[in-house]
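**Q** Sequences listed follow chains A and B, in order. Residue numbers are given in the working numbering: position 235 of the first sequence equals residue 235, and the series is strictly consecutive. In short: position in the second sequence from 1, add 1000, done, that's the working numbering.
One thing to keep in mind: the hints can contain errors.
Stated by the list, open to error - Beta-carbon label-pair distances, calculated as ranges:
1) A/Leu22 / B/Leu1137: 54 to 64 angstroms
2) A/Pro172 / B/Glu1079: 27 to 37 angstroms
3) B/Thr1197 / A/Leu141: 32 to 42 angstroms
4) A/Asp2 / B/Gly1059: 33 to 43 angstroms
5) B/Gly1045 / A/Ala73: 35 to 45 angstroms
The set of hints was computed from the structure by calculation and includes no laboratory data. Treat the numbers as computed from the prediction; the structure is a model and nothing was measured. By construction, the Cβ of each residue, glycine as well, lies at the ideal position given by its N, Cα and C atoms.
The lines below spell out each chain.
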Amino acid sequence: MDWTWFHKFGSPPHVYRLAGLLTPWFAWPAALLILGALYGGLVLAPPDYQQGDGFRIIYVHAPSAWLAVMIYAVMATAAGVGLIWRMKVAHAVAASCAGVGAWFTVVSLLTGMLWGKPMWGTYWVWDPRLTAQLILLFLYLGFMGLRASIDDVSRADRASAVLALVGVVNLPIIRYSVEWWNSIHQAPSVMKMDRPSMPFDMLAPLLAMLLGFSLYFGAVLLIRLRAEILRRERNASWIREELT
Amino acid sequence: MSGPGVFRAAVWVVQRDLRLATRRPAQVLQPLAFFAVVTLLFPLGYTPELAKLRAIAPGVLWVAALLASMLALESLFREDADDGTLEQFVVSGQPLTILLLAKTATHWLLTGLPLTLMAPLVGGALGVPFAALGGILSSLVLGTISLSLIGAVGAGLTLASRRGGVLLSLLTLPLAVPVLIFGARATELAIAGDSLTAPLYLLGAVAVLGLTLAPLAAAAAVRIGLE
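Kindly generate the complete structure, drawing on both the sequences and the hints.
**A** So this is what it looks like as structure tokens:
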């Protein structure tokens, strides 16, 4: 099998140009999907029979919570590729992922709290999903903290990659242990979403939003990746040619 | 290749670290004193009533043990990295994973095990009934093994960084969440007089997983940290 296409991803100029070409293909569909899903979710979807209009925050909350976890998986995969094939670009991808993932985690936590206030009567309950999400935020912060504390880029790359891989092994264990911890301390929480029984005009905007958020993540990742490559290769000659 | 076998090398590492510890007893005793002081703060800050203390004893014991073992991690690799010992490990031709596992085991002998042995004393002060001590001891033995292993990865990773301390806790504590949950649960069940088989099995599973994977990750981390 011809692996040239794969090895090309190891070349910063190639990836830099490719990311620039691909960005609009992610950004525009993302913008259209998010706008459409917002209209569908905030206007077209019927109010929930129990939660009224309050449930509509799900259209931001659920996709961002989902992305927070997905981005960690993307980050760990990129870190693993970087560690195994010693690919600098893959490390740059992992580094670009961390900030976006942490922000999606924060968004999901904040929207969850805003949702919790009218529904549960309090901003915070020690619900397993909330708690696991909070721990995920600390994993992201640890990853970024470790990167920031090591001056040498290549060492920071590999040390943080090991951490990301350790985290990805541990993440399922943390999720299950937290669920188990909570199930014995308090009765099952108020929040029980019967997803399959959600009517189509409620569900469709949610799925559109999920796709829109994923594409948005793709676009932001590509932009951040270009910035990261520029920063790392700032002394390389191809950048001078590229920018003049 | 000639030279001693892996097992001999590992035994030497253990002997060396134990001898170093006897020359510098303060380093071993400080985390233990920290463990005792932290648990002492709870009766003072919360209530001296034993019945109420008993209710929070599992959390107090485990959080204090977690923090004390964090405190001891700083010294796990740092000095050996500074004086070149770890570099000699890397170039010795012996598998680094095994040597680091030996170091981690010694670290557990010097922190995890004494913490466990101190638990009856501290637990007694928190109103834990005598019958529960066996369960608490066994959960702490398994839990502190995992804590030392997870900590070895964190200590390895922070070798390359300029400042260790706080970062090490930020890296390690989230990863230690399952140990805390299962351990505190086992302690709670032991105090209530119930069977604690389930959380003990889970603690054992985490320890076995840690024994399998953590030395590999720690070796990778130390190699990066030493460059």
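**Q** Next step is simple, just say for each hint if it's right about the structure.
**A** Against the structure, the hints come out as follows:
1. At about 58 angstroms, the beta-carbon gap between A/Leu22 and B/Leu1137 stays in the expected band of 54 to 64 angstroms.
2. Range check, A/Pro172 to B/Glu1079: about 35 angstroms between beta-carbon atoms, so the 27 to 37 angstroms window is met.
3. Hint check: B/Thr1197 to A/Leu141, Cβ distance near 36 angstroms, so the stated range 32 to 42 angstroms holds.
4. Here the CB-CB span from A/Asp2 to B/Gly1059 is close to 58 angstroms, at odds with the stated 33 to 43 angstroms.
5. Separated by about 41 angstroms at the C-beta atoms, B/Gly1045 and A/Ala73 satisfy the suggested range of 35 to 45 angstroms.
Comparing the model with each earlier hint shows a violation of hint 4 alone; every other hint is respected.
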